[in-house]
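Hey, can you work out the whole structure from these sequences and the hints?
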Amino acid sequence: MLTIAETKFSSRLFVGTGKFSSATVMEQAIKASEAQMVTVALRRVDLENPDDDIMTHLDRERVHFLPNTSGARNAEEAVRLARLSRAASGTRWLKLEVTPDPRTLLPDPVDTLKATELLAKEDFIVLPYINADPILALRLQDVGAAAVMPLGAPIGTNLGIQTALQVAIIIEQARVPVVVDAGIGAPSHAARAMEMGADAVLVNTAIAVAGDPVRMATAFKQAVLAGRLAFEAGLGASSTSARASSPQRGMVGESLHFIEE
Amino acid sequence: MKRVKIQCNGRQQTLAEDTTLAELLDDLGLPADSVVAEINKKIIDRDQYATFKLSSGDQVELIRFVGGG
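Same order as they appear, the protein sequences are chains H and W. Everything in the first sequence is counted per the working numbering, starting at 1 for the first residue and increasing by one. Everything in the second sequence is counted per the working numbering, starting at 262 for the first residue and increasing by one.
Just so you know, these hints were derived from the structure itself, not from any lab. Glycine residues also receive a C-beta, built at the ideal position from the N, C-alpha and C atoms. Be careful, since some hints might not be right.
Keeping only pairs whose Cα atoms sit at most 25 Å apart, straight-line, the calculated SDA-like set for lysine to any residue is [said to hold, decoys possible]:
| hint | chain 1 | residue 1 | chain 2 | residue 2 |
| --- | --- | --- | --- | --- |
| 1 | H | K121 | H | A5 |
| 2 | W | K302 | H | E48 |
| 3 | H | K19 | H | P154 |
| 4 | W | K314 | W | D288 |
| 5 | W | K302 | H | R73 |
| 6 | W | K302 | H | E122 |
| 7 | H | K114 | H | R73 |
| 8 | W | K266 | H | D46 |
| 9 | W | K302 | H | D101 |
| 10 | W | K302 | H | D123 |
| 11 | W | K303 | H | T91 |
| 12 | W | K302 | H | P100 |
| 13 | W | K303 | H | L118 |
| 14 | W | K266 | H | R44 |
| 15 | W | K302 | H | R43 |
| 16 | W | K266 | H | R43 |
| 17 | W | K302 | H | L84 |
| 18 | W | K314 | H | L84 |
| 19 | H | K19 | H | A219 |
Now the in silico label distances, taken between C-beta atoms and shown as ranges [claimed, not checked]:
| hint | chain 1 | residue 1 | chain 2 | residue 2 | range |
| --- | --- | --- | --- | --- | --- |
| 20 | W | A277 | H | S10 | 51 to 57 Å |
| 21 | W | L289 | H | R60 | 20 to 26 Å |
| 22 | W | R307 | H | A23 | 22 to 28 Å |
| 23 | H | V25 | W | L289 | 25 to 31 Å |
| 24 | W | Q268 | H | E172 | 49 to 55 Å |
| 25 | W | S317 | H | G71 | 26 to 32 Å |
This is the structure:
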């Protein structure tokens, strides 16, 4: 069972709530995913459409809330959003995102470290979104991160685990849970992260923009279960040369050299 | 009657004097528990909405959760 900051989760799939075509589809997809951790963002109320409130579509009895600080370009903005998020929801949980460049949306490691330290001291449960940097991951857990969220590929790209080597090192060294976030575009990507030993994955775009988001949510649920089971079962070693699966003796056929021996 | 001019989510708004934050939310059709209010970059506790009077020049930010990753 996954434990983050002494909270237990029976599902290792976290789901984002952005980009869904409707609130109903989002609700059904979350249900199908069986995710217990759901991310949300904070924005100004659209005063032209004041009725559009996502909270009415999320059952906080069933899912844990993980507000993010998306849109923050530096530590100061992230801290401001974090405090607003706690005031709005009452939750101490936070996915810390500091992305100075809207083109790449890659996280700023220096400001992420700064903000994590400060927010951990304010008693936030901080899950920082980071580039897949093993040294940064260690530094973050030293200053109080409750988990680390290395990216597989840039946000929304669906490119899979491009950072596999670094993610593997992060997993090997981590004392806190590792949640692979961003870039996971297909259930096979999620399964791969789980096979590598990731503690969980966060998926948003790949489910939200799928032809049928509800069925895709089920596919991701199954992929995460399969990947985790494979990790626990222990994968066989890989090799660059062939290793026959069938016995190499007692073949049927006259011209086969090992019968003639 | 005296009026106060505020900025609400970047929009100029003119209110009657002594309008409270709770009344502003009510006018905008926003349930108080669905938003968090920041005035001049300071978060206002929900239990103060009914007594917090807006003054000219206040920068009001009304924020809520939306879908996100």
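Problem - Violated constraints from the hint list, given by number and in increasing order - result: The structure conflicts with no hint, since it agrees with every one listed earlier.
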